[in-house]
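*Asks:* One-letter residues, chain by chain:
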Amino acid sequence: MIRVQNLTKKYGDRLALDQVSFSVAGGEVVGFLGPNGAGKTTTMRILTGCLAPTSGTAEIDGKDVFEYPVQTKEKLGYLPEIPPLYGDMYVEDYLKYVGQIKRCPARQLKDQVDSCVKKTGLSQVRSRLIQNLSKGYRQRVGIAQALMNNPDVLILDEPTVGLDPAQVIEIRGLIGDLKHHHTVILSTHILSEVEANCERVIIIHQGKVAVTGELSELRQKMHQKSLSVRVEQPSSQLLSQLQALDGVKEVQDERGIYNISVSAEASNVNDLVARTVIDSGAGFLELKENKFNLEDIFIHITRSQGGGS
Amino acid sequence: MQVMFNNLGVYVRQIMALTKKDFFQIISSPMFFIILGVSCFFWSFVYVRSLIVFASESMAMPVQMAQEGGMNIHYYVFFPLLAQVNLLLLFIVPALTMRLFSEERKLQTFDLLMSSPLTSAQIVIGKFCSAYKCSFIIISVSFIYILITSLFADFNWTMPFLSYLGLLLLTAVYVSLGVLASALSSSLVLSTILGVVFNVFIWIITNQIKDISSNPIFSELVEYLNIPMHFEQFVMGKFVISSFCFFIIIVTFLIFLTVKVIDILRWR
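Order-wise, the sequence lines are chains L and P. In our numbering, each residue's number is its place in the first sequence (first place is 1) plus 157. In our numbering, each residue's number is its place in the second sequence (first place is 1) plus 200.
Hints are supplied without guarantee of correctness; some may be wrong.
[Stated by the list, open to error] Here are the simulated DSS-like pairs of lysine-lysine, each with C-alpha atoms no more than 30 angstroms apart in a straight line:
(1) P:Lys460 <-> P:Lys333
(2) L:Lys220 <-> L:Lys365
(3) L:Lys167 <-> P:Lys220
(4) P:Lys306 <-> L:Lys292
(5) P:Lys333 <-> L:Lys275
(6) P:Lys333 <-> L:Lys253
(7) P:Lys333 <-> L:Lys267
(8) P:Lys460 <-> L:Lys220
(9) L:Lys253 <-> L:Lys292
(10) P:Lys438 <-> L:Lys253
(11) P:Lys438 <-> P:Lys306
(12) P:Lys460 <-> L:Lys445
(13) P:Lys333 <-> P:Lys306
(14) P:Lys220 <-> L:Lys292
(15) L:Lys267 <-> L:Lys232
(16) L:Lys445 <-> L:Lys232
(17) L:Lys232 <-> P:Lys460
[What the hints assert, rightly or not] Here are a few chain L residues that sit away from chain P, every Cβ distance over 10 angstroms (derived from the structure):
(18) Asp170
(19) Ser180
(20) Gly184
(21) Glu231
(22) Leu233
(23) Ile258
(24) Ser291
(25) Gln302
(26) Leu348
(27) Asn354
(28) Ser418
(29) Phe441
Calculated directly from the structure, the hints in this document are not laboratory data. Note that beta-carbon positions come from the ideal geometry of N, C-alpha and C, so glycine has one too.
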């Protein structure tokens, strides 16, 4: 559905995107991750036809965004980082206007407005001025405008930035509902957002694609596991006992909490560690298995490739 | 053929949506009413003053001259009014057009237009039409003075009508220059200043540069590009087809230029 090939963008001498290539299949929900200034927004803006690349191509449904701008944009819904809203318009009038410029057929315009208002939970505020809405509702209006042409592809650029936790959960839920009907690219630097909604991630760093793959695949690739053991009476004897166990690579003592790095091949380390702690009489309080999350993957990648921006 | 007409219908409907949105945004702003109020104040002053001068000079006119048709109200009353309307339009139009692109870029709503299935030409034409409709309202208000005059005086309608046709064509040039100025900057103040500078430039400079060179071809070209001269043809009550075409060509060229500016914005 989306194919980006060797996309390069220069702002004067500064290289914002360097030979970025990726593809997104129809119906997929892809998280577009990267630290601030990595080139996420530039890629989104090129994909939506707002910005021309220095070189390379961006295709939607097999058609180049710049050779067939009207045809490709008919299939596209875009929510920029700052929602493109006119404060002096009413929500309903604004959505009608967006529908008209996005070629929504005149007969279906009212139904389409009703449908988008319902999908995004704007029923209560549809007759209010946009400037009087809360940030959460404005974000919803932004998502509603992206849906007005019933697009195949939905591009959301940092949709939860600046929202309070309750609003973040609401918007995240809304994106969760949308993912069954559209191909979605969700650009963000908030990793939990991607973990909640996306099947696949593309991590971009310093203008280059650093990693791309299924979320589960990425976790497996990192194949690291660690345990945390909390005891009542830490001792150097227990520390050396833990270090001597089969499958344990490294143990760090942090004031009564032992952080244990475990090799991938080891199978019964949890049991061994628990027994060792109980037998030592140090006072076993807690044993926790630390799963490697997206944040760890992200930090690992960005650090290993020369630090964040 | 049917598909072509359908596409054209969609194309026009998109432009109309753009025009309607910008038109209502301009006319619902307090600035529009302030502009209209201040303009009416100045026009009323000029109109009443011209009318008094016309009445007093008519009374003092020799009987023989009065029998030959008397003084022409068009030159004594309508002409000063038209000059005043034109003078104010030089400054009013940039104030109306300033927000068309500058504000969209400043508020980052321009991405909505850029990511919608619209061509740059549709965007520019839509914005031009909205500002032109607003200017038309202002010019229409000034026409009320002519209508009031017709209540107590008989005169030939050809000259006022042609004068206003010329004014509408001239305003189209001002509006297209204002739209171009707005596309050039994301600052409202800068785009207003640019718009005024462009308007004053075409009004003054085209009148002055004809003396720069003695080359007859250059002089002829400059003569043809002399906007005040083309406007005067209409004010004098003449409908000159070349002047009419001149205004249409200039407006089309300026719209084309603005479309190119919008295209360049994508490449920056």
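*Asks:* Hints first: check each against the structure and report whether it holds.
*Replies:* Results of checking the hints against the structure:
| no. | hint | in the structure |
| --- | --- | --- |
| 1 | P:Lys460 <-> P:Lys333 | holds (23 angstroms) |
| 2 | L:Lys220 <-> L:Lys365 | holds (23 angstroms) |
| 3 | L:Lys167 <-> P:Lys220 | violated (37 angstroms) |
| 4 | P:Lys306 <-> L:Lys292 | holds (19 angstroms) |
| 5 | P:Lys333 <-> L:Lys275 | violated (35 angstroms) |
| 6 | P:Lys333 <-> L:Lys253 | holds (21 angstroms) |
| 7 | P:Lys333 <-> L:Lys267 | holds (27 angstroms) |
| 8 | P:Lys460 <-> L:Lys220 | holds (23 angstroms) |
| 9 | L:Lys253 <-> L:Lys292 | holds (21 angstroms) |
| 10 | P:Lys438 <-> L:Lys253 | violated (45 angstroms) |
| 11 | P:Lys438 <-> P:Lys306 | violated (44 angstroms) |
| 12 | P:Lys460 <-> L:Lys445 | violated (62 angstroms) |
| 13 | P:Lys333 <-> P:Lys306 | holds (24 angstroms) |
| 14 | P:Lys220 <-> L:Lys292 | holds (27 angstroms) |
| 15 | L:Lys267 <-> L:Lys232 | holds (20 angstroms) |
| 16 | L:Lys445 <-> L:Lys232 | violated (47 angstroms) |
| 17 | L:Lys232 <-> P:Lys460 | holds (25 angstroms) |
| 18 | Asp170 | holds (14 angstroms) |
| 19 | Ser180 | holds (20 angstroms) |
| 20 | Gly184 | holds (21 angstroms) |
| 21 | Glu231 | violated (5 angstroms) |
| 22 | Leu233 | violated (7 angstroms) |
| 23 | Ile258 | violated (5 angstroms) |
| 24 | Ser291 | holds (18 angstroms) |
| 25 | Gln302 | violated (7 angstroms) |
| 26 | Leu348 | holds (25 angstroms) |
| 27 | Asn354 | holds (22 angstroms) |
| 28 | Ser418 | holds (46 angstroms) |
| 29 | Phe441 | holds (57 angstroms) |
Violated hints for the displayed structure, listed by number in ascending order: 3, 5, 10, 11, 12, 16, 21, 22, 23 and 25.
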